[in-house]
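A.B. asks: Read off the chains here:
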Amino acid sequence: MKTHTIVLNVNREIHMVTVRSADTLLYVLRSKLGLTGAKPGCLNGDCGACTVNVDGWPMKSCLMLAVEAVGKKITTIEGLKDTPIQQAFVENFAFQCGYCTPGFIMNCHSLIEQHPDADDEKIREWLESNICRCTGYEEIKNAIKSVLNKD
Amino acid sequence: MKVIGKSVIRKEAFDKVNGRALYTNDYHSVSMLSAKLVISPYGHARIISIEYKDALNMPGVRAILTGAHLPLTGESLRDRPPLAYDKVRYHGEAIAMVVADTPSQAKNAADRITIQYELLPVVNSPTEAFQPGTILVHPKLGDYVKEQDMNPVPGTNIASHVKIRKGNIEEGWKESETTVEASFSFAPSDHVAMETRCSIAEISPDGNVHIMTSSQAPFMVKQLIAAYFHEDLGKIIVTTPLVGGAYGGKASVQLELLAYLASKAVGGKPVKILNTREEDILTSPCHIGLDAKIKFGADQNGMLKAAEIQYLWDGGAYSDKAADMTRAAAADCTGPYHIDNVWCDSYCMYTNHPYAAPFRGFSHSELSFAIERTLNLLAEKLKIDPLELRRQNAILPGNTTPTQVLLNKSSVGNLPKCIDRLKELIQWEEGQVVEVSDRTIRAKGISCSWKTSTIEANAPSGVILTFNRDGSINLMSGVIEIGTGTKTVLAQILAERLKMDVDKIHVRMEVDTQTTPEHWKTVASRGTFMAGKALLEAAEDVIKQIKEVASPVLRAEKNDLEVANSRVFLKDNPSIGVDFKDIVYGYQFPNGNSIGGQIIGRGNYILRRISRMNPETGEGRPGPEWTVGAYGVEVEFDKIDYTYRLLRAVSVIDIGTVLNEKAAKGQVMGAMSIGLAFAGRETFYFDEFGRVLNPQLRTYRPLRYGENPEYLVDFVLTPQLDAPYGARGVGEHGLLGMPGALGNALSTAAGVSLHHLPLTPELIWRTKGGEENAFL
Ligand code: FES
Ligand code: FES
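Chains Z and A supply the protein sequences, listed in that same order. Remember, the numbering used here sits 225 above the position in the first sequence when you count from 1. Remember, the numbering used here sits 32 above the position in the second sequence when you count from 1.
Calculated directly from the structure, the hints in this document are not laboratory data. Don't take each hint at face value.
To be verified - Result set (DSS-like, lysine-lysine): computed pairs, CA atoms no more than 25 Å apart in a straight line:
id	chain 1	residue 1	chain 2	residue 2
1	A	Lys85	A	Lys139
2	A	Lys301	Z	Lys257
3	A	Lys415	A	Lys800
4	A	Lys694	Z	Lys370
5	A	Lys603	A	Lys590
6	A	Lys139	Z	Lys257
7	A	Lys325	A	Lys206
8	A	Lys579	A	Lys603
9	A	Lys195	A	Lys206
10	A	Lys694	Z	Lys366
11	Z	Lys370	A	Lys38
12	Z	Lys227	A	Lys139
13	A	Lys694	A	Lys536
14	Z	Lys366	A	Lys38
15	A	Lys576	A	Lys536
Unchecked claim - Simulated restraints, written as ranges between beta carbons of each label pair:
id	chain 1	residue 1	chain 2	residue 2	range
16	Z	Ile239	A	Ile638	52 to 60 Å
17	Z	Glu316	A	Thr146	53 to 61 Å
18	Z	His229	A	Thr731	29 to 37 Å
19	A	Arg641	Z	Lys257	49 to 57 Å
Beta carbons are placed, not taken as given, at the ideal position from N, Cα and C, and that holds for glycine.
Generate the whole structure from the sequences, applying the supplied hints.
C.D. replies: Next up, the structure:
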């Protein structure tokens with residue numbers, strides 16, 4: 226089993242970790258760094274529960290190897306503090322069980338950064354990569370639109 | 033009312049948006065081992081050999097378990113080995129379990145285990161299972177230990193048979209001028225909670241068994257581990273943190289048993305077992321399937337006179353909770369309509385499919401599809417507006433249910449009012465079909481539902497209230513926060529009763545069976561009702577105690593005192609009083625003398641006057657009240673390729689009282705979303721070996737953002753008199769009417785009668801005879 230000691234920049238902190246070649250970024254964030262905000266839902270790129278932000282873009286951390294994340298800026302849900310989208314999720318009741326929420330918020334956060342003027346079609350294109358089984362998506366739509374419209 | 037009805041923010045909201053909300057799999061320690069299952073690749077096969085010597089020698093492997101010598105398990109009938117031996121009965125069934133230091137080591141070793149099978153013929157549907165002389169999934173059915181209300185039929189695949197015999201069915205047919213008969217079917221599917229199931233077990237040297245699990249039923253986990261493995265009940269401590277979606281699927285007890293066995297095999301060390309998505313779909317119990325036959329008779333005015341119903345439930349390989357669903361379906365078998373003569377046979381069938389867990393609505397959305405489609409066929413035959421047909425047959429106070437419960441204004445909601453409101457919201461007058469273009473039309477379908485909760489007749493719920501020294505309150509209830517927001521609603525109920533600020537009520541989210549008072553199971557939309565009743569009793573207890581201590585202090589009769597705003601004071605002069613903080617830990621006089629002491633409130637509730645159903649007639653009171661609802665779905669349908677878009681979906685539910693507006697609407701919309709996905713796209717595709725061909729979210733596709741319709745949700749408010757503030761259960765009801773309403777909309781749109789789920793364009797094409805016409 227080949228291991229590597231790598232340096233990761235997560236939430237503006239530098240971490241040194243030893244990983245296997247096959248370890249995903251999700252596994253290392255959760256099991257080595259204790260950042261359990263990103264969730265496993267399918268480990269197959271289908272559900273988006275593991276979404277983090279890599280160099281400003283949303284990334285399904287189950288699809289990225291930890292070794293591939295070297296030299297990149299990674300932001301997880303734990304790295305967001307009092308952002309408008311977090312507040313909007315609370316005010317709009319945009320979650321129930323909350324399991325999909327970190328992934329949705331990270332995706333929304335990246336969308337707001339990349340496309341502050343996103344229209345409905347753009348929002349759909351981005352958010353359809355995540356699954357929420359509890360809500361009917363209505364509240365999530367209201368949350369993201371309330372932030373985009375504010376800007 | 034000050035707090036009831038308000039959209040109070042969930043108590044755990046900030047944890048959830050900051051990634052700090054912890055679910056079972058988020059708990060991890062260095063010493064924790066990992067378990068990995070080896071699962072069956074076939075639906076039905078004899079296990080010839082299991083070879084695991086090589087696996088045992090792989091790095092990090094601590095133990096490998098197989099099923100021989102383990103006791104049989106199962107909630108109503110002990111028919112299920114925790115690990116299969118001798119035979120596998122469904123695709124995905126667990127056969128062996130590896131315990132290793134890390135998840136990857138466990139997986140590598142599991143991959144090294146080789147199992148030889150001899151294939152057996154597969155029972156691939158409940159109708160096949162029902163044929164006389166067919167293959168038996170459980171030849172030893174007669175030997176299994178069973179609960180009192182199970183009626184298995186040894187020598188068949190019937191795990192349980194529930195009968196309803198109401199009125200005189202022969203008379204009913206005589207009074208019927210028009211009859212319709214139709215069959216319906218759909219295969220099992222899945223709950224797809226985003227959090228896959230996970231359990232952790234550790235056995236400490238003193239013999240205490242610690243389980244942490246993502247469950248709706250930690251108290252049941254405790255009972256079952258004690259019963260199956262002869263552990264002391266008091267030594268089993270089950271903890272449940274937040275749960276990442278459940279929808280009934282986490283009311284079954286399965287991984288907990290495996291985690292316990294795994295820990296036992298490694299000397300009690302902590303072991304975690306986490307389902308992959310594929311295992312969560314295949315190995316853990318799924319959403320039940322159904323083959324149904326419905327026959328209705330009506331007189332010339334369209335009044336229903338007779339119903340003959342056969343439900344063959346696809347319970348899968350083991351009966352576990354499917355038997356209860358079979359019973360619940362029988363109790364409400366006709367849908368929310370008044371019919372004097374009812375004959376129903378509801379069978380829990382064994383097949384070689386994954387076995388069933390409860391699913392939000394507990395067999396009601398499923399049976400409702402069959403009932404509501406048949407009603408539309410009847411309306412067509414009678415040439416009556418389907419909405420009118422439902423309205424004139426709607427169940428009312430004064431009517432009896434299939435199990436002969438006489439309903440009153442409190443025990444059943446107002447269905448006609450729901451239907452009237454639906455009529456406006458779905459713009460029924462506009463017509464059921466509206467042309468949009470040459471190619472597309474808009475079409476509408478409607479349905480109705482009812483449901484009572486057939487939970488154990490003696491199901492308990494308890495609440496404890498303690499105070500902090502600043503006068504704020506800690507609320508402890510055994511209800512699990514599975515996403516429904518029930519614990520926040522409980523805080524609202526308490527705030528309302530004590531007339532205090534809801535922010536000064538702290539809710540303990542985590543449940544542990546050693547210190548949290550039992551709440552039977554967080555299922556059946558019963559959390560608010562039962563825990564709410566217990567909570568109100570605890571609130572009274574607190575008020576009484578506070579007044580007792582305050583009475584000598586304020587030198588006033590207890591009856592002259594009032595509690596509000598975290599104070600106790602004189603009714604006629606509120607300026608004379610004491611703050612909670614100065615009294616809830618005893619009152620201290622200026623000289624230091626103290627009276628009273630720590631105030632601890634207690635309350636409990638047990639369901640009352642619920643009775644077992646008569647095995648021959650079904651007569652009995654299965655649940656406390658019936659929530660009713662009316663639903664509509666509007667689609668835009670392409671007449672050429674049969675694709676469609678969900679435009680609008682309506683639910684009007686008699687909820688009694690709205691406790692938290694946004695939370696209630698959210699519950700209903702979420703349930704509608706699951707219902708539309710179940711109706712329109714979700715199913716297991718089986719091959720001839722009973723294998724599920726689509727156990728991944730890539731091939732099994734829930735609704736995604738933007739695929740949802742516009743939701744219109746409204747409430748009718750007929751209070752349930754014995755419920756906290758009159759509120760009725762509502763967690764499941766948005767789902768119940770969706771399959772029927774969508775089925776009716778698409779049948780109307782396509783001009784064919786649709787009898788299966790999911791309602792895909794391909795199904796419509798096949799039903800229209802597309803196969804014969806296809807030349808490719
Ligand atoms: S866990 Fe990464 S997409 Fe599902
Ligand atoms: S809130 Fe439960 S999956 Fe989205």
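A.B. asks: Against each hint, give a clear statement of whether it holds in the structure.
C.D. replies: Checked hints:
no., hint, verdict
1, Lys85/A with Lys139/A, "15 Å, holds"
2, Lys301/A with Lys257/Z, "21 Å, holds"
3, Lys415/A with Lys800/A, "22 Å, holds"
4, Lys694/A with Lys370/Z, "18 Å, holds"
5, Lys603/A with Lys590/A, "10 Å, holds"
6, Lys139/A with Lys257/Z, "19 Å, holds"
7, Lys325/A with Lys206/A, "20 Å, holds"
8, Lys579/A with Lys603/A, "12 Å, holds"
9, Lys195/A with Lys206/A, "22 Å, holds"
10, Lys694/A with Lys366/Z, "15 Å, holds"
11, Lys370/Z with Lys38/A, "23 Å, holds"
12, Lys227/Z with Lys139/A, "17 Å, holds"
13, Lys694/A with Lys536/A, "21 Å, holds"
14, Lys366/Z with Lys38/A, "22 Å, holds"
15, Lys576/A with Lys536/A, "20 Å, holds"
16, Ile239/Z with Ile638/A: 52 to 60 Å, "57 Å, holds"
17, Glu316/Z with Thr146/A: 53 to 61 Å, "55 Å, holds"
18, His229/Z with Thr731/A: 29 to 37 Å, "34 Å, holds"
19, Arg641/A with Lys257/Z: 49 to 57 Å, "56 Å, holds"
Taken one by one, the earlier hints all hold for this structure without exception.
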